[in-house]
Structures are given as C-alpha cells and as structure tokens.
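Q: Listed here are the chains, written in short residue letters.
There are 2 protein chains.
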Amino acid sequence: MPATETLKRFREITRLMKQYEEILGVAYWDMRTGAPRKGIPLRSEAVGALSAESFRLSVSDEMGELLEKLSSPGEALSRIDRRLVEEVKKDYDRNRKLPPELYREYVVLTTQAEAVWEEAKENNDFPAFAPYLEKIIDYNRRFIELWGVKGTPYDTLLDLYEPGMSAAELDRLFGELRSRLVPLAEAIAQSGNKPDTSFLEGTFDKEAQKAFSKFILNEMGYDFEAGRLDESVHPFMTGLNLGDARITTRYLSNDLTFALFGTIHEGGHALYEQNIDPELGGTLLAGGTSMGIHESQSRLWENMIGRRRGFWQRYFPELSKHFPGRLDNITAEDFYRGINVVQPGLIRIEADELTYNLHIMIRYEIEKMLFNEGLTVRELPEVWNAKYKEALGIEPPNDSAGVLQDTHWSGGAFGYFPSYSLGNMYAAQMMDVANRELPKLEEQIGAGQLHPLKDWLKEKVYRHGKLLQPAEIIQSVSGRPLQSSYLCDYLEAKYQDIYRL
Amino acid sequence: MPATETLKRFREITRLMKQYEEILGVAYWDMRTGAPRKGIPLRSEAVGALSAESFRLSVSDEMGELLEKLSSPGEALSRIDRRLVEEVKKDYDRNRKLPPELYREYVVLTTQAEAVWEEAKENNDFPAFAPYLEKIIDYNRRFIELWGVKGTPYDTLLDLYEPGMSAAELDRLFGELRSRLVPLAEAIAQSGNKPDTSFLEGTFDKEAQKAFSKFILNEMGYDFEAGRLDESVHPFMTGLNLGDARITTRYLSNDLTFALFGTIHEGGHALYEQNIDPELGGTLLAGGTSMGIHESQSRLWENMIGRRRGFWQRYFPELSKHFPGRLDNITAEDFYRGINVVQPGLIRIEADELTYNLHIMIRYEIEKMLFNEGLTVRELPEVWNAKYKEALGIEPPNDSAGVLQDTHWSGGAFGYFPSYSLGNMYAAQMMDVANRELPKLEEQIGAGQLHPLKDWLKEKVYRHGKLLQPAEIIQSVSGRPLQSSYLCDYLEAKYQDIYRL
Chain A
1 MPATETLKRF REITRLMKQY EEILGVAYWD MRTGAPRKGI PLRSEAVGAL SAESFRLSVS
61 DEMGELLEKL SSPGEALSRI DRRLVEEVKK DYDRNRKLPP ELYREYVVLT TQAEAVWEEA
121 KENNDFPAFA PYLEKIIDYN RRFIELWGVK GTPYDTLLDL YEPGMSAAEL DRLFGELRSR
181 LVPLAEAIAQ SGNKPDTSFL EGTFDKEAQK AFSKFILNEM GYDFEAGRLD ESVHPFMTGL
241 NLGDARITTR YLSNDLTFAL FGTIHEGGHA LYEQNIDPEL GGTLLAGGTS MGIHESQSRL
301 WENMIGRRRG FWQRYFPELS KHFPGRLDNI TAEDFYRGIN VVQPGLIRIE ADELTYNLHI
361 MIRYEIEKML FNEGLTVREL PEVWNAKYKE ALGIEPPNDS AGVLQDTHWS GGAFGYFPSY
421 SLGNMYAAQM MDVANRELPK LEEQIGAGQL HPLKDWLKEK VYRHGKLLQP AEIIQSVSGR
481 PLQSSYLCDY LEAKYQDIYR L
Chain B
1 MPATETLKRF REITRLMKQY EEILGVAYWD MRTGAPRKGI PLRSEAVGAL SAESFRLSVS
61 DEMGELLEKL SSPGEALSRI DRRLVEEVKK DYDRNRKLPP ELYREYVVLT TQAEAVWEEA
121 KENNDFPAFA PYLEKIIDYN RRFIELWGVK GTPYDTLLDL YEPGMSAAEL DRLFGELRSR
181 LVPLAEAIAQ SGNKPDTSFL EGTFDKEAQK AFSKFILNEM GYDFEAGRLD ESVHPFMTGL
241 NLGDARITTR YLSNDLTFAL FGTIHEGGHA LYEQNIDPEL GGTLLAGGTS MGIHESQSRL
301 WENMIGRRRG FWQRYFPELS KHFPGRLDNI TAEDFYRGIN VVQPGLIRIE ADELTYNLHI
361 MIRYEIEKML FNEGLTVREL PEVWNAKYKE ALGIEPPNDS AGVLQDTHWS GGAFGYFPSY
421 SLGNMYAAQM MDVANRELPK LEEQIGAGQL HPLKDWLKEK VYRHGKLLQP AEIIQSVSGR
481 PLQSSYLCDY LEAKYQDIYR L
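Listed in order, the protein sequences are those of chains A and B. Numbering of the first sequence is given in UniProt numbering, commencing with residue 1 and proceeding in unit increments. Numbering of the second sequence is given in UniProt numbering, commencing with residue 1 and proceeding in unit increments.
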C-alpha cells in the first residue's frame, strides 16, 4: 500500500471509530435523560454490540499494520496525523496486550461488583463487597503487568486518566497540598467568623432555578445552538461532536446551590468541547486532552468564577429577581460568603471547594498503598477512617459514610480520583496567568463580561483538543510544570479573607 | 460449517443489523426532537457511516453463503428463523442486484432533488424540478430492470412498501373506491346539512392540548413506560425496540384538531409496535409487517375510533374540561359533526377522512401511468390538474398546490402513496370483523373501555410483527383477501348519517 493510501485508510478507520463514539454517545445521553424504562434492556445490548464493533476496529490486525507503517521515522505526517497516530497507537498497544477472555471476565466482574457495592453501601456491609474489590484489584494488577510497569505499578493506572502523570509527581503535589490545606482547614474550623447560610434553607422554585441556570450559561458564552440543557439524576456533560456539547443538571426544590453550581460546572466542561478547533472536528482528537484538564475547566468556572465575590456583585441582583421575596434582605456579600462556607464533612460529593482536595488526597494515598505498598482490602476501612481523622478531624460512624461511599472502585476506576484535584491545581495555575495577561479581568467579571476570559481559555486550552498533552498545555499556558502552590495560594487568600483569619 | 453454526452466525449478524437500526433510530429521533443545529452536519455523516456498516453486513458474501445454506429445502428451521431468512434474503437479493456505484449516484441525486423540489415548490416552478424528476424516474426504471419485473414494472416498486401488492390488485381496489366515493363526495358537496365548525376556530391553550393528548394516549392503552411523547415539526412514531415506541406530535395554538388527531394517529402506530410478541424482540421481525398494515392501525385509531360518535359521547366532557370556557355551548354531537366535515380541497395532508382516498387514488393512477404507460414528466401537471377536476371537482391554481405539493417523488418513493389508502381499507375490513367478534364494542367505546379493542387487535395483528405477510394478516383476520367495499360501506354509512343524505 503506498504511503498516501495508508494514511487515507488510517484516517477513514479512525473517523469511523469517532462516529461510533458519537452515535453511542447519543444513545447514552438518551438513556440518562428520559428513555423509557422498558426499552433499557435491549438498548443496553445494542449499545454493547456496537461498542464491540468499534473496539474491534481499534485492535484489528489491519490497524496494527497501519500504525506500524505510520509510526516509522520516515513518515512525514502533519501535526494532526502524528498526534492521531500516537493516540490510537497507545490504545492499540494497551488493548492488544489484554487477552480478550481476561477482559471479558473483568467486565462481568465489575458489572456484578457495581450491584454488590450498591447493596453493601445501603446495608453498611463492607465484608460483602470486600471479596469483589479484592478480585478487581487482582485483575488490575494483572493488567499492569501485561501493560508494563511505568515507574511504579500505580503509575500505569494513573496514565489511563492523566497521560504522563506519576505517583512521584503526585506525592510532590499532594505533599504541599497536605502541608498547607490541613492547617488552613483547621484555622477555619476555629474561626469565630462563620458565614451565615440560613438564607439558603427552604424551598426555591424549580422553574426559576431552570431559568436562572439558562441565563448563567448564556452569560458564560455557552452556545445553545451547539448544545442543550436537560435534567438527569447525576448531572453530566457529553461532547457528542464540536457542534453538540450537552449538559444535564438536577433541580432540587430544597437546595438552590446544587443545580446552580452543577450547571456552571458542566457548563465549564461544555465550553471546552464547544471551542475545540474545527480542524479537529470528526477526528479522535476532538475532545478534552485528559480528565484533569477537563476537570480544570469545570472547576475553574464553578469555583474560581462561580464562587467569586465579583461575579455575585454582578449577578446576585439577577438571582434575587428570579426568586421574588426569597432573598430580599440578603446582600451580594452575604450570598458570596454563604456559598463559600467551609465545613469538614465525611462525604466527598458534598464537600466545599477547600476540603474537597483533602478527600481526594486521602483516596490518592490509599490507592497508592493498595498498588505500590501492599495494603490489603481487609485493612481498608481502618486506614480510611484514620486518614479522615488525621486530615479532616472527623471519623466516619460507619463504612457507608466512609470507604463505601464512592462508586469508582466497584467499576475498577483506580487512578481516576486524583484528576479532580489535578483539575483544581491546573485551574489555579491558569487563573494566575489569566490575572496577569488580562489586567482588567476582575473589572470585566464584575461587569458581567465573561467572554474575555472565555476567549483567553479558548486560545490557551480549548482549541487544542487532544493535540497537546496535559503537561504541554500547562507548560505552554504558564511557562512551567504543574505546581500545587497556586491552588494553595488561591485558597489561602480567599478563605483568610472570608473567615478573617 | 455445521448447520447449527450456520444458524447461530445468521442470527448473530441479523441481530447486529437490528441493533444498528435501533441505535441509528435513537439518533434519528434525537435529530428531530431537539438536537442542536450546529451538531447536525457531523451527526448526519456519522449516521450515514454507521448505516453503511449495517448495509455492508446485509450484502456481504458471508450473508450470501448463510442465506443459501439456510434457504435449502433440507433445513429444518423454526417458524421465526424461516421468516427471518425470507425477509433478509429478499433484501439481500434486491441490494446485491444494484451496482454500488449506481446506488451511490442515486443517493446523491435524490439528496439534491429534495432541495430542488423544496425551492421549486416555494417558487411554483415545476420546470426547475422536472429534469431531476426525470432522472429519478430513469434510475427507478433501471432498478426495476435489475430487480426484475413482477407483473408490471410498477409492481416491482409497490412490492417495496406492500409486499405482494400489484397494480392489477390496486386497479380492482381503487376502481371500486372511485365508483363509490366520487359520487358520495359529490352528494355531500350538494347537501344542505353542513356541520358547524366555527367553534374549532380561535386559540386553544397548548399546555391543555398536551395534557389532553397524554390523557387520550393513556386511554388507548399506550404504555408510557415503553415510549414517550415529544414535539417535532412533522409528527412521527419510531419503534426503537419493543419496549420503546416513541411518538411525536405538534401543538398549534390555532388548531385543536391537528395535535389531537395527530397524536391518536401516531398512538395507533405505537400500539402496534408496543404489542409485538416479545419472542420477536431484538430480531428483524420486531416491527410492522408493511406500510399498509402499519397505516391501518394509525388510521383505525385516528378515524374509526377517534372520529367516532360514541368516542366523543364519552370523551367530549373531558375535552371541554381541558379548555374552560372554550366549548361550553357545544354538545358532543356538535363536536362529532364538526370534526367530520368533508371539504374537497387541493392539499392531501389537509384532507378529510373521505376525500383523502381520492387524493391517493390520483397519485396511484399517475404513478402507474409513469411506470407502466409511458407518461412523461412534462405531461404531469396537466394530467394532475385534470384528475383533480374530475375526482374532486376543483383545479389547482398553480403547481405548488398541485403536482409539487408532496415530497415523496423528490426522494424517489414511488409506490409508497397507495399504502395510505390500503391502510384505510385494511382498517375498515378489520373493524367489520371486530364489530361482529366484539358484540359490545360500541357500548365499551361509549364507556371509555378501549382495551377490549386493543387486546383484539393485539391478538389479530400486533403480536405477529413481521411473522405474517400483509395478505396473510388480512386473510387470517377476516377470512378473505383485501376488499375496498368495507371502506366504502363504512364511509357511506357514516357520512350519509352526518350529512343526512
């Protein structure tokens, strides 16, 4: 096959893989936003069957031959084609190393384990879940061996979600986080200046919440002609193609902030997907470059913009108008303080902006112990509880509120948790640059002009899609590798002010 | 390959084809119910690419070998497998006979032609559309040659939509229709007892229309756990799987009947799909057996139930309650007469239950002339206008309201139109039997008990899916082949009463 034919065929197959991803994404979105209950069993089978077709393309002998030819040093490829080859080759190498039978067993195991976990959590019965968790960890250990250890065994798992990340790097990042945020949280706990949050109690009309969510998305520059907002039990964003990045949220009548910050969070993810360079459209590079970078955009918008003083100076009057009589005696400053209350708790998904990172740090340390240091599943609850006591000063009364709280491990997603805090660190480091490169940023946000920041992020992050690796993104934005000091600086300054420390 | 292996592989591939159909159906539904505009170009490409993958399965050499083995007289197949082989073989034979290049040209041509038709209709410019229509007809003539002429050339096209149907049969059916319905329409036109329709003018709250649509679907036995009701510009039903048959409708604030009867119509289609035998689930036999039989169910529910006197004796008070103050001085009888007004018009999709059949008859006669009798495209407008004058007593003032009104021909769908009237004929013949086998039917409908009829239709029609051919269905329900006399009897009785002829 001549070189141009090889490239043509490679582009054709990878485009088809992306097209499977897109159409399956529509089915996935549909199942979570209102597909009728009785259609789900056959729908799930159909989704599984078509996923298998796409997987088959990605690990075929033909793909192997194409990749070999296109990876040879003599090939003069465009920047896009070269990255595409790299990306696809990485998955190919990984997937070809897993015996299909082993992988099938693992899929069956995790499917069962997810159901077992759900019941165990409900019944506070860790021993019921433990044997499944042990097996899942065993399988992951075998996968690591088959894939090849990079640095430490846990590094191999980290690379699945944050390409290039290592335990050594995370030790450095979480080390500083621990040394600065644990004392900060303690100082806050002892502060006498607690924000008032009583005005957030009671009910808030759901239709008004919906209207305000749409309003804020518009303000952020979310393009409703390239997306839509729906409701689902667990909010998510799905980037189906560059012209279709959908958001879901959930309106709770007794909680104003859940939908509000959930919407801004998913809106941040969507801004990323909507602003990828059209040149990448339809290729496998048309997506966020890593879990961590994606999470940096949702968290930047949710916390650093959405929970910012200046933002509410501009938008609190609008918010108040949406809920007549509900927030009349509250000032923008009251609201800002109320939504930034810090309260060490046991549950990660209910955590505030600051202590959230400590929840993640604990999970990171435990995962590393499991894969690098021989921690056993039996020892997990005890280690979990001790770490909560040490970092947050509180101890779970039972495993449901402790080691059983998250679904991730039941699905085998080890190495995923760090992405959440990496997102916060990337975001803080980016905002540090943005504050210097956009000298009027504070003023603009206070005036409801969010587009200069959005345009800046588009230029620096969004447009690149997967063309740049996470480490390349943060290096090119800030001129240095990822540091946790920016996040610590940001959190210290913000919360020292709020709590008058 | 041993026989059991052959069968296993055949079932596997055809199940996968069905799964493609289902997932692509979700994407199709999504595009018509709110997918964002900017995502459509890439989405359409993705749908096209996956459709091509499924098509490839259906015409592969492997499929050819499987079909040959499974069609051999020695094979002992179950009833389901045998029908599945027949169905798949029919498509295989048809598709293998078309040179792929020829078919690709045709797809491009019809895609262009649809856009040209839309503009020509807007500008009343038949000459602009004529060359495209000529080419489309030429392609269809070549397809007929390649597929093989059955009886007459037009029969080959009819078989695409109504397996086993022929021009000879339609001549017989439409012949009687013409001889009885044209005089009936004339008598109605001269009647002095015209129903009052003035109360249908003005506005009707859309939310109330939506609520009443849902109420009526529930009454019909539509299962909302196996479907959903949404809005789209052109209402449709899509049977994604046996647990997911979705309906769309369109609410017009100045037209109460559009959404009302549209919903009942699509609801009839959906009842068919929701009640197919679960044994057929996931196979290519899980669907309506033909366009005509499908249309019989939508029209039976829309017209023979939804426009029935007894139905509104039960439901008019409910309807009136949904629109406070709007229908206060109207009786159920007024409403029944008002929604059954007969008014010869030029536009098929606006036609009443009776004259609708004359619109179809005209299209049937013209299509037959085009493919069997050498009518040229140039002569079309003149023939069209003459036929309207003759059958309906009115003549289009221009081609936009005449020969250019329907989209079907621009997409190459010749042979499709007859299905609409076949649906009416099947429905009337079935209802004739239902009236005898369910002696309390009238009473039940008057009491809002629609489930005995639904259950009867499930037993006679729905559950069979594609296991029975259309001719087998009508034969097994009524003990004889399709006749148009039942439809004529029904329409005469109904409208002689309403118009006191």
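Because the hints were derived from the structure by calculation, they are not lab data. Do not rely on the hints blindly, as some may be mistaken.
Which copy is meant is left open, because identical chains are indistinguishable; a pair holds if it fits in one copy or across any two.
To be verified - Taking lysine-lysine pairs in the DSS-like style, the calculated list, with each CA pair at most 27 Å apart, reads:
(1) 454 x 38
(2) 38 x 494
(3) 214 x 38
(4) 458 x 194
(5) 494 x 458
(6) 460 x 150
(7) 150 x 194
Since we're looking at a predicted model, the values are computed, not measured.
Q: With reference to the structure, classify each hint as holding or not holding.
A: Outcome of the hint check:
no.: 1; hint: 454 x 38; in the structure: between (42 Å within a copy, 20 Å between copies)
no.: 2; hint: 38 x 494; in the structure: neither (49 Å within a copy, 39 Å between copies)
no.: 3; hint: 214 x 38; in the structure: between (31 Å within a copy, 18 Å between copies)
no.: 4; hint: 458 x 194; in the structure: neither (37 Å within a copy, 66 Å between copies)
no.: 5; hint: 494 x 458; in the structure: within (26 Å within a copy, 67 Å between copies)
no.: 6; hint: 460 x 150; in the structure: neither (30 Å within a copy, 65 Å between copies)
no.: 7; hint: 150 x 194; in the structure: neither (46 Å within a copy, 86 Å between copies)
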